[in-house]
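Taken in order, these protein sequences are the chains called R and G. The first sequence runs 1 to 284 under the working numbering. The second sequence runs 285 to 585 under the working numbering.
No lab work stands behind these hints: they were computed from the structure. Predicted model only: the values in this text are computed from it and were never measured. Ideal Cβ positions, reconstructed from N, Cα and C, are used throughout, including at glycine. Hints should not be assumed to be uniformly reliable.
As the list claims (entries may be wrong) - Derived coverage of chain R by chain G (criterion: at least 3 residues anywhere in the stretch with Cβ under 8 Å from a Cβ of chain G; other residues may be distant):
1) 11-18
2) 21-34
3) 139-151
What the hints assert, rightly or not - Reference listing, derived: stretches of chain R covered by chain G, where coverage requires no fewer than 3 residues with Cβ under 8 Å from a Cβ of chain G:
4) 44-57
5) 105-117
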Amino acid sequence: MIAYAFALPFLLSFAVFMVFPLLSSFGMSFTDFRNSDIETPFAVAFVGIDQYVALFQDPQFVRSMLNTAYFVAVGIPLTMIAALALAVALNNGITRFRTAFRVGFYAPVVTSIVAVAVVWRFILQPDGLINTALGWVGISGPDWLADPAWAMPAMILMAVWRNMGTLMIIFLAGLQTIPQDVLEAAQVDGTNAWQRFWRVTLPMLRPTLLLGAVLLSVGFLQLFEEPFVMTRGGPLDATLSVSYFTYNEFGFGNYGTASAASYVLFVAIALLSIVQFRAFRSKG
Amino acid sequence: MTTLESTSTAAGPPAEPSPATGRRRDRHHRGAVRWIVLAVLVAGAVVMLFPFGVIVLNAFKSPADYSTAGPLSLPTEIYTTGMVDFWNRVNFGQKLWNSFFIAGSVAVLGVLISLFNAYALGIGRVRGRLSIVVLFLMANMLPQETLIYPLYYISKEIGLYDTQLAVIIIFTVIQSAFGTYLLASVFGTFPKEVLEAAALDGASKWQTLWRVVFPISRPTLSVLLIFFFIWTWNEFFIPLIFLISNDNQTVPVALGVLEGDRLMDATTTSAAALLGVVPAIVFFLIFQRTLARGITAGAVK
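All chains should be modelled from the sequences, with the hints used to inform the complete structure.
Here it is, written out as structure tokens:
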């Protein structure tokens, strides 16, 4: 009984500011609620599952799902590989300067994307720093943010930059829980460093890799800030994510559609997490 | 999941390389590999920190200097007029205080509430606690867009719209859902004997919380505090929608609004970006040691 007293302040506010919004937006996702209905709540009609059917027939929404899938499918493996490589390097090679490296690689994580958007524009603009560097080796780079084919890779680049630090630190911690004597035993058995990494380190790192993958996919599926500050979802909807689509629908006053879209995203996040739990679950 | 104690070694020095590799040729080889690894790491760090370097370079450059020499040159003189103008134009001191007040309140309240919840769930053993914890985790996975209209509606109805209090309450609920999830799993492994001893000594539940549980879990709590602060500081979407009047805006919202302003030249924008980035970086540098120890709290099964 006393236990409930401790949790009461939170349970009350959680109910009002989380559960109620959740349920009401779930309900809203089955209605044609629009901003013009705010004065006349009785004009709202129950449309049921038709809302979702219409949503999946909306080419713009389908486009936003494909964009988000592209971002997730390329961005997550890239971030994980880069972070794992860094963590392994920090764990094996370096003892001095380790704190400096950790701080350096983690710094992008603590900065707000809105603030660093400015400098990314310097980097990505047609005569920007990337294209200047590409020019040195004779490649004429694209207009990253204005080219429908290259805008999403630019978003992925930014996301990898901003999220690598978190994963690096998590992987570093995971690496240090691998018992040294297991690695030594493998060495005595005549394996080389490369084999030890694939046969010993990686399998033992499974739970840590899982945590990293789940954390990333929850964040990456909600892609919003990068396109919001860099491209406004353009060019030609090339960086329009599901979150951005939802945001736009709210802006247009289509609250029913927006709620339905955000629930589709929620289901996608939950499904991807379940798939990852199955894929990475340690055998035995 | 594991307790902090067992992962606190993460920040410590690594185990020494095995003594079995004593041969000279091997050591030579290892030395060379080390230098290559170090070189790659330095190159990586330069790339990662490059955007910050560009911000600093251009924040102290005059617009004339920028237009003749471009974004990569060193400034010919330290130019601060742009930064001062920007500070005064948007009343940046006020924005800074708003961000600090909101992030600080959320961090303190969030940690306090997480502590109460986790104490109840993890140690007090509320029935059905697993489903409660899962509910909290789900709340974290939910896109904020899902919540935004009902939240907007509620805060309008109770007169909290466009107040900092609304943002503080919303983020306290969101962050403490995560905090409860993390702390409850840490408290699940809390040594029972300690609690029983406290009960035998006649301590009430309230006293046990503050005299026993709080001191022991302080490392985890301080990590949560830092995380909540930085996360809330950088939040953009909900403050953008809830804080419409100029005097209430946070730093990221003020910067975001200015982004669209075509009158801003590249150097002023850099100065603004620098002002926006510095507080979070400074906060991070002060607490990076605590953070490095605790970021792994939930990392290892």
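Right, here's what the structure says about each hint:
Proximity of the segment 11-18 of chain R to chain G, defined as three or more residues with a beta carbon under 8 Å from a beta carbon of that chain, is established by the 5 residues found. Coverage of a stretch by a chain is defined here by at least three residues with a beta carbon nearer than 8 Å to that chain's beta carbons; for the segment 21-34 of chain R and chain G the count is 5, and the condition holds. Given a C-beta distance limit of less than 8 Å, the hint that chain G covers the segment 139-151 of chain R is violated, as 0 residues qualify and 3 are needed. Check result for the segment 44-57 of chain R against chain G: violated, 0 residues qualifying (beta carbon to beta carbon below 8 Å, three or more required).
With a cut-off of 8 Å between beta carbons, the segment 105-117 of chain R has 12 residues touching chain G; three or more are needed, and the interface restraint holds.
Of the numbered hints listed earlier, those contradicted by the structure are 3 and 4.
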